[in-house]
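Asks: Next come the chains, spelled out residue by residue.
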Amino acid sequence: MDDRDVPDPAELASQATAFVKKAASVLEKEVAAGIAAAQSLQKRWVDVDEVRSRAPDEVMQRFRRDAHEVVDLLMDLVTVGVQSAESIASRAVEIANTETQPADPGASPPKGQKQNRKPA
Amino acid sequence: MTRAADSVESGLARYRGRVGDALHHYFPEREPRKHLYDLVRTYPARGGKGLRPALCMATAGAFGANPERVLASAAAIEMFHNGFLIHDDIEDGSDLRRGCATLHREHGLALAVNAGDAVFALALRPILDNLRLLGPALTHTIAREFEHLVLECVEGQAIELGWIRDNACALKPADYLHMCLKKTCWYTAIHPCRIGALIGSGGGFAPGRLDRFGFFLGAAFQIQDDLLNLKEERGNYGKELAGDIFEGKRTLMLIHLLSTLARRDRSWLKRFLAVPRAERTRGDVSRVLALMEEHGSIEFARRCSGFLAGAALSEFSRLFGGCPDTADRRFLNDLILYMIERDL
Chain S
1023 MDDRDVPDPA
1033 ELASQATAFV
1043 KKAASVLEKE
1053 VAAGIAAAQS
1063 LQKRWVDVDE
1073 VRSRAPDEVM
1083 QRFRRDAHEV
1093 VDLLMDLVTV
1103 GVQSAESIAS
1113 RAVEIANTET
1123 QPADPGASPP
1133 KGQKQNRKPA
Chain D
41 MTRAADSVES
51 GLARYRGRVG
61 DALHHYFPER
71 EPRKHLYDLV
81 RTYPARGGKG
91 LRPALCMATA
101 GAFGANPERV
111 LASAAAIEMF
121 HNGFLIHDDI
131 EDGSDLRRGC
141 ATLHREHGLA
151 LAVNAGDAVF
161 ALALRPILDN
171 LRLLGPALTH
181 TIAREFEHLV
191 LECVEGQAIE
201 LGWIRDNACA
211 LKPADYLHMC
221 LKKTCWYTAI
231 HPCRIGALIG
241 SGGGFAPGRL
251 DRFGFFLGAA
261 FQIQDDLLNL
271 KEERGNYGKE
281 LAGDIFEGKR
291 TLMLIHLLST
301 LARRDRSWLK
311 RFLAVPRAER
321 TRGDVSRVLA
331 LMEEHGSIEF
341 ARRCSGFLAG
351 AALSEFSRLF
361 GGCPDTADRR
371 FLNDLILYMI
381 ERDL
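Order-wise, the sequence lines are chains S and D.
Following the working numbering, the residues of the first sequence are numbered contiguously, the last one being 1142.
Following the working numbering, the residues of the second sequence are numbered contiguously, the last one being 384.
FYI, nobody ran anything at the bench for these hints, they're computed from the structure.
A hint or two may mislead.
What the hints assert, rightly or not - Mimicking BS3-like on lysine-lysine, the simulated pairs with C-alpha atoms at most 30 Å apart in a straight line are: (1) D:89 / D:271; (2) D:310 / D:271; (3) D:74 / D:89; (4) D:212 / S:1044; (5) S:1044 / D:310; (6) D:289 / S:1043; (7) S:1051 / D:212; (8) D:89 / S:1044; (9) D:289 / S:1051; (10) D:212 / D:310; (11) D:271 / D:289; (12) D:212 / S:1043; (13) D:212 / D:289; (14) D:310 / D:289; (15) S:1043 / D:271; (16) D:271 / D:212; (17) D:289 / D:89; (18) S:1044 / D:74; (19) S:1044 / D:289.
To be verified - Not everything, but these chain S residues come out facing chain D in the computed CB check (under 10 Å): (20) 1041; (21) 1044; (22) 1045.
Just so you know, even glycine gets a beta-carbon here, dropped at the ideal spot from N, CA and C.
Pulled out of the complex, with its shape left as it was, chain D reads as follows (with noise of 0.2 Å):
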């Protein structure tokens, strides 16, 4: 393990410690458990990466922020991930979520779905909680931040889903990075540093400064997990091995690869994204990922995150370069580090 990637454990650990003692607060103790809130802890309990409240947190301790003051914000972002997973599982059909059962293959469609709600619900808490925390005015302004993380993580959800079913075969880069930056990037990266950033710097610090850094970071990780996902054994990964292929997810890769094939295997990739996910088989998904090595586009894939990430790191230099070298800031320095040594 390389000093970045030891760095960023250790430094996501550590996030995860004290969000974690946040969400177990904000989950309520008590009835019904079996079929609402022990489902609502599923997901959590699990041990994700613990991300997305780590660059808030991280980032509005770079802007100097007494850890206090910015874990309610953290434990709702964390909540309205969790919420997205468990909804998101259900509209890809997954099996998998974090090496178990996907809360739909386990407990059912309706409690999955009721437990989702419940989740989104949970997660107003916190943002509320701000304003003993914040005062009226910033916590007026992280209000809107959710409002637009949460908007624009369901309209790229949509755009996704929309070329699943419409069978989108044409699509483009510039495509692929704007769906992106509406599902992915706005939710994990941008706002949870605007947030973090607004925060640390009590309102005073202009939000949109971030967006650059959090987009490039933010479109880099995904990019990364979609390769990963071709990649990882099921142990390690947690999800299906090549499961966005099965599912037909328009991933760079795949909208690469859909630019780049002569007629006849275009065409045969064509009619297999078009038959429903349970009729695709194996044989076939390993064909999808012969022709993405063989016609360049997982080195595409890997070239455009690294160099998203190498964007990401300017960004950093410029918005962080004055800030004082504490651990906040250095954990920020070493994960966009290590997502650009990271072997993919």
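If we strip away everything but chain S, and leave its shape as in the complex, we get (with noise of 0.2 Å):
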């Protein structure tokens, strides 16, 4: 369009039909965003449910692996912290000796070796 001008009768129709049809592609996209995101927000959802769902046995078994995870975090941090003080890293050993002697050794991921808390 030149700068200058105003647009003629037939001009402005078309722009206008060409506007009702890019009115209709936006609304697709923005329609195609939101069900994309619900079903991703759905499948977090599905997610909980599942673990919620299992067998009490199981539940329990993944309760003592993340509680021997949160031994083993704690464990990271004790270590940063001891570097300089020789008297709190022989308790960090202690601690580390009790934690390769798990109640339940099956469970136990190796030393040093995390395990991703979320649900599978």
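Since each chain sits alone in its own frame, please combine them into the complex, following the hints.
Replies: Structure below.
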């Protein structure tokens, strides 16, 4: 379009038609984005439900694994904090020794190997 | 007045009466009146059109619903609208609303913000009342409609306010449509129709089928409202004449103008939009208006709103063609015809 000219009626009609088509396209994109977001949210809900519906034994096993992971995390924090304090470092070793003899050995991951805490 | 305009006016008055009674029920009669609940009632008492609850009730009625089943949801829609208006007037720095001073001009910023918050909180009650009216499954579905309505509106408002703050001058019609969909159309037309259809069908109708109809109708309505802002005398319109230009609001007309001006006028317009609202003069606002006329921006917007209303009519025929010829269905039909015939 010329910068200084007022559009003629036919051109205006053409522009208005294009505008309505654009409106339909904008809506389709927005709705598609909304559906994708809703499905993503739904997936998260499904994951939670899945965990909740598991057998009590399996949930308890997971709790034990998570508890050991917490010990690992504490170990990491203690290790960082004791680099310049031998007395505290020796206590950390004691905790580490305890951690290598869990109540349920089969549930404990190898030392230093982290587990994903998110539900499968 | 044309037959369609007459029908729309009487239909709006009919729905407004019912929703007004419901609002009265949901606004508490207790203290603190002077600094809260009197403020909460101020905008509804000034008598807006009541378009949104009317769309909800008419759609529900066209689908065969008893009006009692939809009244709480229609009231909630109107309450959210009034809460948005209070905060919107503050965000835009507006002076007038429905012919009188805006709430923050009358009572100060702090009390107006608080009154807006109260309206949003009060709007939760009618949504919860749906449990008794509609049962848990449909109430949950309707509550999610409201969640989406509110989020889309605040996201759209953020986009528009961001454009003004950043002095965005390279916007395209598609940007306008995207903002208008989010800020206005979901809450003005799409969700009111969807909620009405869900209630009218007992949850059996797929509400997404109404999205196009609502978007076309809502966008046509918004563009016409923006055109009226440039045209109507203060007494008729209830807001400042050309207030949108004072605010630097990115209307379709302004976006069109920015894309058609020659470099010198465009540079002037960008400078005008860069200064704070309080420093804009009536003379400069008049110049922007004259440029919009000269460059066909107003005619372009007028055509776009007319074409959108035509597209809404086409969608309406497809969706409501099989519905019985009731007063609710006729109201929806006449509303679209009125928007097409309207002299802007």
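Asks: Take the hints in turn and mark each one as holding or not.
Replies: For each hint, the structure was consulted:
For a cut-off of 30 Å, the pair hint linking residue 89 of chain D to residue 271 of chain D stands: about 19 Å separates their Cα positions. Distance check on the hinted pair: residue 310 of chain D and residue 271 of chain D sit about 23 Å apart at the alpha-carbon level, within 30 Å; holds. Our distance criterion of 30 Å between C-alpha atoms is met by residue 74 of chain D and residue 89 of chain D, whose separation comes to about 26 Å. A distance of roughly 11 Å separates the Cα atoms of residue 212 of chain D and residue 1044 of chain S; the hinted pair therefore holds under the 30 Å criterion.
With a C-alpha separation of about 26 Å, the suggested pair residue 1044 of chain S and residue 310 of chain D falls inside the 30 Å cut-off, and the hint holds. For a cut-off of 30 Å, the pair hint linking residue 289 of chain D to residue 1043 of chain S stands: about 24 Å separates their Cα positions. Straight-line distance between C-alpha atoms of residue 1051 of chain S and residue 212 of chain D comes to about 16 Å, which keeps the hinted pair within the 30 Å bound. Using a Cα cut-off of 30 Å, the hinted pair residue 89 of chain D and residue 1044 of chain S holds, with the two alpha carbons roughly 29 Å apart.
Restraint check: the Cα-Cα separation between residue 289 of chain D and residue 1051 of chain S comes to about 25 Å, which is no more than 30 Å; the hinted pair holds. Simply put, residue 212 of chain D and residue 310 of chain D have alpha-carbon atoms about 15 Å apart, close enough for the 30 Å limit, and the pair holds. Restraint check for residue 271 of chain D and residue 289 of chain D: satisfied, since their Cα atoms lie roughly 16 Å apart, inside the 30 Å limit. Note on residue 212 of chain D and residue 1043 of chain S: the hinted pairing holds, with a Cα-Cα distance of about 14 Å set against a maximum of 30 Å.
This hinted pair checks out: residue 212 of chain D and residue 289 of chain D have alpha carbons roughly 14 Å apart, not beyond 30 Å. Distance check on the hinted pair: residue 310 of chain D and residue 289 of chain D sit about 13 Å apart at the alpha-carbon level, within 30 Å; holds. A threshold of 30 Å between alpha carbons decides the hint, and for residue 1043 of chain S with residue 271 of chain D the separation of about 27 Å falls inside it, so the pair holds. A hinted pair counts as satisfied when its Cα atoms are at most 30 Å apart, and residue 271 of chain D with residue 212 of chain D qualifies at roughly 24 Å.
Using a Cα cut-off of 30 Å, the hinted pair residue 289 of chain D and residue 89 of chain D holds, with the two alpha carbons roughly 22 Å apart. With a C-alpha separation of about 48 Å, the suggested pair residue 1044 of chain S and residue 74 of chain D falls outside the 30 Å cut-off, and the hint is violated. Restraint check for residue 1044 of chain S and residue 289 of chain D: the C-alpha separation of about 21 Å stays at or below 30 Å, so the hint holds. Below 10 Å, beta-carbon pairs count as interface contacts, and residue 1041 of chain S has one with chain D at about 5 Å; its hint therefore holds.
The beta carbon of residue 1044 of chain S is positioned within 10 Å of a beta carbon in chain D (closest approach about 5 Å), and the interface hint is therefore held. About 5 Å separates the beta-carbon of residue 1045 of chain S from the nearest beta-carbon of chain D, less than 10 Å, and the hint is met.
The structure is inconsistent with hint 18 alone, although it conforms to all the rest.
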